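Engineer: Now for the letters of each chain:
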Amino acid sequence: MLLLFLLPSKSFALIEVDITRGNLSPLPIAVSPLAIDEKSKENFNRILTKENIGSEISIVVENNLKKSGLFNPLNKDAFLQKPEIANLKPRFEDWNLIKAQALVTGKVTFVDEKLRVEFRLWDVLAGKEMMALAFTTTPSNWRRVGHIITDKVYERLTGEKGYFDTRIIYVAEEGLKTKRIKKLAIMDQDGFNNKFLTLGNELVLTPRFNPTNQMVTYLSYFRNLPRVYLLDIETGMQEVVGDFPGMTFAPRFSPDGKKIIMSFAEDGNSDIYTMDLENRIVERITNHPSIDTSPSYSPDGKYICFNSDRGGYQQIYVMKSSGKNVKRISFGNGLYGTPVWSPRGDLIAFTKLHKGKFYIGVMRTDGSGERLLTENFYQEAPSWSPNGRVLIFYRETKTNSKGEGFSAKLWSIDLTGYNERLVETETDASDPSWSSLLSN
Amino acid sequence: MNLSNVLKNGFLIIVASLVLTACATQKKASTGQMQGDVYTGTDTVEYLASGVPDRVFFATNETVLTTASRETLRKQATWLRKNSSINVVLEGHADERGTREYNLALGERRANSAKDYLMTYGISSDRISVLSYGKERPVDSGSNPLAWSKNRRSVTVKAN
Chain W
1 MLLLFLLPSK SFALIEVDIT RGNLSPLPIA VSPLAIDEKS KENFNRILTK
51 ENIGSEISIV VENNLKKSGL FNPLNKDAFL QKPEIANLKP RFEDWNLIKA
101 QALVTGKVTF VDEKLRVEFR LWDVLAGKEM MALAFTTTPS NWRRVGHIIT
151 DKVYERLTGE KGYFDTRIIY VAEEGLKTKR IKKLAIMDQD GFNNKFLTLG
201 NELVLTPRFN PTNQMVTYLS YFRNLPRVYL LDIETGMQEV VGDFPGMTFA
251 PRFSPDGKKI IMSFAEDGNS DIYTMDLENR IVERITNHPS IDTSPSYSPD
301 GKYICFNSDR GGYQQIYVMK SSGKNVKRIS FGNGLYGTPV WSPRGDLIAF
351 TKLHKGKFYI GVMRTDGSGE RLLTENFYQE APSWSPNGRV LIFYRETKTN
401 SKGEGFSAKL WSIDLTGYNE RLVETETDAS DPSWSSLLSN
Chain E
1001 MNLSNVLKNG FLIIVASLVL TACATQKKAS TGQMQGDVYT GTDTVEYLAS
1051 GVPDRVFFAT NETVLTTASR ETLRKQATWL RKNSSINVVL EGHADERGTR
1101 EYNLALGERR ANSAKDYLMT YGISSDRISV LSYGKERPVD SGSNPLAWSK
1151 NRRSVTVKAN
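Here the protein sequences line up with chains W and E, keeping their order. Going by our numbering, the first residue of the first sequence is number 1, and it counts up by one from there. Going by our numbering, the first residue of the second sequence is number 1001, and it counts up by one from there.
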């Protein structure tokens, strides 16, 4: 067990957040509304139609911290100190009284049509400032400001990078199960700022970000020809990846963003290929009469994990990125699919089917230490948060005897197996893929 | 033992066996649409022409053609030979009990099993294209073994 002592060594280590196990006693934290002067308040209200943007930003922070499962944001009604005074010099006794161990304060001002934010993190028990930061951005970015503050607080208190200033790309679903309409959609990690990227005229599946989060690779059934596509999120430009005579699918970017790895199916056989996006050179990585699919690179780009039924049933294999040294790593009971290499490099997340139940689990990259995090009627396709602490996946419900009641939703769960949560989406949703941190 | 007792017993036995038969028949009716876990019913089947079913069914995780499937495909081949201007798309499908990407590959393999068989019966590969839908287009939205068996299929669709 790893305990993180976070305060300078001279003071007592009073605040510690252990993220290596399910946190049964989340850290009590007070997130004070960010102070705002009347003039700034009016200006932001005019631009954003939010009465008090300082308070709105603090709610974003509060919700993020709460959903992480590691923090317990305290009820604001109990706060004794006014935001503007707390940000200058908190009266620690007051915050101590409501059992806050950490306190977030801040101030928002309207400067040259921009949003300027400063915030501070305080250790209530030690009576010390732990961190102070200020930044300026366009007002419409106000939710991102909340996410960035959360990332800084999370990092300072856990010792690991956060995952809040991120987006999720996914497939939005609607309609009958037999005639599902699917669109690419993108949203902030907390479900806000949802945007559809395709119209739903053709079936689309399995979108995945490139490392800089500007491009997405996915499968589209445009003109009934299922092929891997590339989409530029800013410009909306789409193009087919490569010139294959049959279905290409299961695409992902290489960690350097230069290649796309995917499966190509021909004459009943699926093998893994890469295509270099610069010189368009296609390379065959596996050559086996079995189904080889769902490839995912290790973060250093040296290895690839994938699933194959070459042993008779769907199992997980690891090989060098050249395709050499193929080694089976899953040996438990059942079928294993959708392996995804953790951004930390030490684990592979997967879907497992055993005795009619679906599991999301993790194992070490040599296949040892298998741990199942969640069991359900149907769930698959885990995707890692950029810090490798949380998995997002999708889950489908069992229909009733009349075939009614189908739904598909996104869920997240901690690597610890605790803190399973529904990720709210406007429509039904599947195939989530988590971006890296947008600001770094 | 007198005769009336014999008759009575015999009668009872007959009645009992009738009840058993009734039970057996009932049971058969509810599972009669599958053999192993391959769908053998006709609920979802459409016809390319009179007597020419459009689809074949597969066992879980399997791509091997059953005897019944081969018979259906031979009928399709005969029909295709007679209608040489018609091209077809073989649409391969999987049930919902598998991961999306693997199922895309599985659907492609199922459609190709059907394609290979049509080719051995003299249909040129130029006339056949293959399209996998994986688990994206079930015909039955149920979450039960019978529904899944209907969804594990390769459907021959006229392309022109």
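Be aware that a few hints might be false.
[Claimed, not checked] Residues from chain W that keep clear of chain E, each with C-beta distances beyond 12 Å, as calculated:
#	residue
1	Lys89
2	Thr136
3	Pro211
4	Leu219
5	Ser263
6	Glu266
7	Gly337
[Stated by the list, open to error] List time: in silico DSBU-like cross-link candidates among lysine-lysine, alpha-carbon distance up to 30 Å:
#	chain 1	residue 1	chain 2	residue 2
8	W	Lys195	W	Lys398
9	W	Lys82	W	Lys41
10	W	Lys409	W	Lys66
11	E	Lys1075	W	Lys183
12	E	Lys1082	W	Lys179
FYI, nobody ran anything at the bench for these hints, they're computed from the structure. Quantities reported herein were computed from a predicted structural model and do not represent experimental measurements. Note that the Cβ used here is the ideal one computed from N, Cα and C, for glycine as well.
Engineer: Tell me, in ascending order, the numbers of any earlier hints that this structure violates.
Structural biologist: Per hint list: 4, 5, 6, 7, 11, 12 violated.
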